[in-house]
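Residues per chain, in single letters:
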Amino acid sequence: MMHTVEQPYISIQNIGKWYPYKNAGRIQLFGAKSHVKAVDNVSLTINRGEILGVIGESGCGKSTLGRLLTRLEDPTFGDVFIGGVSTTAMVKKDNLAFRREVQIVFQNPFDTFTPRDIIQQILLRPLENHRIGSSTAERLEICRKALNSYGLRPVDDILARYPHELSGGQLQRISILRAMLLNPSFIIADEPVSMLDMSVRADIVNMLVDLARVHHAAVVFISHDIALTRYISDNVAVMYLGRIVERGKAEDVLQNPLHPYTQALLSNCTSIDPDANNEIIPIAGEPPTPIDPGPGCYFAPRCIHACDACFREYPSTVEKENGHTAACRLLY
Amino acid sequence: MSVFLAKARHGIASALKDTQLRIGVIAILVLILVMIFRPVLMTVDPYYYGPDILAAPGENGHILGTNKLGQDIYSMLIEGIMVSLQVAVISAMISGILGVLIGGISGYFGGKVDTVVSEIINIFMMLPTFFLILLIIALFGNSILNVMVVIGLTTWPSNAKLMRAQALSLRERTFVKSAIAMGETKIQILLKYIIPNGIFPVVANTTMGMAWAILTEASLSFLGLGDPNVISWGQMIYDGKAYLTSAWWISTFAGLAIVLTVIIFYFLGDGLNHVLNPKYVAGRNK
Amino acid sequence: MDHVLELKNLNVTYINKERKVMAVRSASLTIDKGDALGLVGESGSGKTTLAMAVLRLLSQAEVTGEAIFRGNNLLTMNNEQLNQIRWTGIAVVFQKAMNSLSAVHRIRTQIEDIYRVHYPKATAEEIAERMKALLRLVNMPERVYGLYPHEMSGGMLQRIAIAIALLHNPQLLIFDEATTALDVVTQGQILHEMVELEKTMDMTRIMITHDMSVVAASCNRVAVMYAGELVEIGPVREVIRTPLHPYTKGLMDAYPSLTGKITALKSIPGSLPDLSKPIIGCPFAARCARKIDKCYTEKPPMVAYDNGRQAACWLAGGNA
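Chains as they are written, first to last, in the numbering used here: chain D, 1 to 332; chain Z, 1 to 286; chain Y, 1 to 320.
Hints may contain errors.
Restraint-style ranges between C-beta atoms, simulated for each label pair [to be verified]:
hint: 1; chain 1: Y; residue 1: Asp-32; chain 2: Z; residue 2: Lys-7; range: 50 to 58 Å
hint: 2; chain 1: D; residue 1: Asn-206; chain 2: Y; residue 2: Arg-19; range: 52 to 60 Å
hint: 3; chain 1: D; residue 1: Lys-92; chain 2: Z; residue 2: Ser-14; range: 44 to 52 Å
hint: 4; chain 1: Z; residue 1: Gly-111; chain 2: Y; residue 2: Pro-278; range: 53 to 61 Å
hint: 5; chain 1: Z; residue 1: Ile-32; chain 2: Y; residue 2: Met-77; range: 54 to 62 Å
hint: 6; chain 1: Y; residue 1: Val-117; chain 2: D; residue 2: Ala-160; range: 48 to 56 Å
hint: 7; chain 1: Z; residue 1: Phe-4; chain 2: Y; residue 2: Asn-16; range: 29 to 37 Å
hint: 8; chain 1: D; residue 1: Glu-165; chain 2: Y; residue 2: Asn-16; range: 18 to 26 Å
hint: 9; chain 1: Y; residue 1: Glu-298; chain 2: D; residue 2: Pro-154; range: 30 to 38 Å
hint: 10; chain 1: Z; residue 1: His-274; chain 2: Y; residue 2: Pro-301; range: 41 to 49 Å
hint: 11; chain 1: Z; residue 1: Leu-16; chain 2: D; residue 2: Leu-72; range: 34 to 42 Å
hint: 12; chain 1: Z; residue 1: Leu-33; chain 2: D; residue 2: Glu-165; range: 17 to 25 Å
Everything labelled a hint here was simulated from the structure, so no lab data went into it.
Quick reminder that beta carbons are idealized off the backbone N, C-alpha and C, glycines included.
Based on the provided sequences and hints, a complete structural model is requested.
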């Protein structure tokens, strides 16, 4: 691997997103407001060229994290540093520059583009806004090359089409290509293939990985499909109720999970291998909403190993070998 | 430019498959053609006070008769198309542009702007529009320009409401978030994404509004508050009021012309409603 | 042996004024007592259409062929006979229970209504007894009987939907993407619970899904559909490990493994054929990696092999 590791390229520092929760019918003591803590104190580092998978069930905050990283929402606290530069400052100073650095691929390819424009307009617009290329002809050539390089042919036919005339796979490829036109160094992929048929997913995923390597970009791959995350990621972070409960190399986290939640999550997933669908670790109850969780470990109410101490204090993060960390008292 | 033409051709071709829209469009085109070729189609100068007073239809070459000033009714009807179409189009444009911009900004930007604008819209909706128009005409004079502007300025709230509702829901769509992520400014997003995608119900509403504008102008004229210097169908009805039993043709044909035109605009509006329904738009080529 | 359900040459064509879409073509399938059959396919495969056609739930479609249940052809029954079979003979669990239940009535009220369709004289106590027993079977607390649907999570509602489906001990249970809208963990739990349940109850079930891992976790047989046709049928383990049909193989290559070796993921190139036109030859030929000339001109018939396996492919015979 080529990169030197003095400072990780992307440094997410104690980022959080709290939404005030108005609970009608409950008298609220002054100052003691309720919050939905969608993302709560998340810190992560990602290097250029690294693909970080983020997994967790619904309500864990992974999609909110994706929105925070792309500044579709502003964090309540914390910041993200790219190459040592604060993104909060970057957005204030030069929003367009930030948008060139950080790009996102959305879950729903059918809604990613405005139904009123043809693909040519859709692709030319960001190039014009960011002043890439010096003439319409040059920009058109850039678009043509991009489409052609990933099998979207005949190119001129596709450029003249409306989004509703194309398939999900084609649309998602165009979405990825459009993001890459700006040459970002940080890409967030929010469930990029979950709405597509199985037989077209591989191409999209492989294309994303390929482009990320070519641009030497850092990728955050958000997904509920653990097997796919395993396939694509270098490292994996597991989220539960807004916090990272485990992080490490993909093989470490997914084959030797340390945190009880990860263990339970993995055992409950259905697998394509009929023999693997056997030992289920029970998780009691339903995934809760992150309204004022705590004070102890957030997973304690559903954990089969929970003890009294688990409910009193949030466990600190323990590091095992190889950068494999988990926040669980059992590892002390 | 070529993109625009290609899209226009694409849109028009599929739109014209709807029967109501086809009828409405053809009828409007006919009206416009009649208006353009009115010197040719008229038999006499409508402003000419001829010698035949209160002639019955068919008498002396007057196809539809004459009024008490000797003006030929048929020629007056044709001249009147201009006023009706002008009132319809100009008031609709004022109402439409104001409604779309105000509703769009209110819905998309949200916050205090939205609160204030919503209250203004509510106030307008509480006022009886017609009486407001009467009041303004009474205060500021009854030129046809006043009439058009006043109708436009009092009917924008219904368009604004529609546009605002669209903007509120469009705000959450993935392609809007995508545009933000691409670095587009709020104004760009409003003009390129919110308005083009949300304007459908406004277009249909505006077309119905055109019909309402024609009727309002006619009503104002009928009440004697119209512009007496231009020939409009409403004025003709007003003129013929006193002669309803003796010279019925003065009011009646003008009334029929209004009915017919309003029906045409309804066909147009209804047809547009079908065709511009986003579900229809999305599924068009599947 | 009598089959629970036997489909013979089922064809379903959607008709609207512009075009006809042949969504299911010549489907023939048998389901025996105790089977848990996974009906797998991607978009356009026709799997949901097949089930809905059998249940006569499609209003704008032309259905030909036979669907024999308890000796009678479901497709030619009159409404009276059909209503007798619905829910007592065959029951369905749909994708989102939230959409199958009325939002303004408590669960109790809705179930009393459903129960009384077939047993108009049943008392509220009888129904409650029955329902509470079923709720215990699906691991739901009894108190949900008195709740409104919006007071419960998706997973809970889906379990209630399963309990409702079991109300009259139907011979055949059809799950139409019943766990697709749920969380990974909830889905895993429900599938596991169902498999456990079947150890104590006699159940014959069809799982319609696009997700082969759901089939792997909960079924003993699988039928794969492509472009409206059944292309491969067989025991789950064998079809997954050694697929006979190139489409099945392509599909398996597209699934990443959770615990096994990480191999390259591959997509299947190309796209579905146009279902509004007749398909000559094998529907998968244009996208197949192993096609021969014959594949384009003659449609391969479904051929039976050992072990209850079937495949519709000219090359399946010697080259599994």
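Legend entry - Numbers of unmet hints, in rising order: 2, 12
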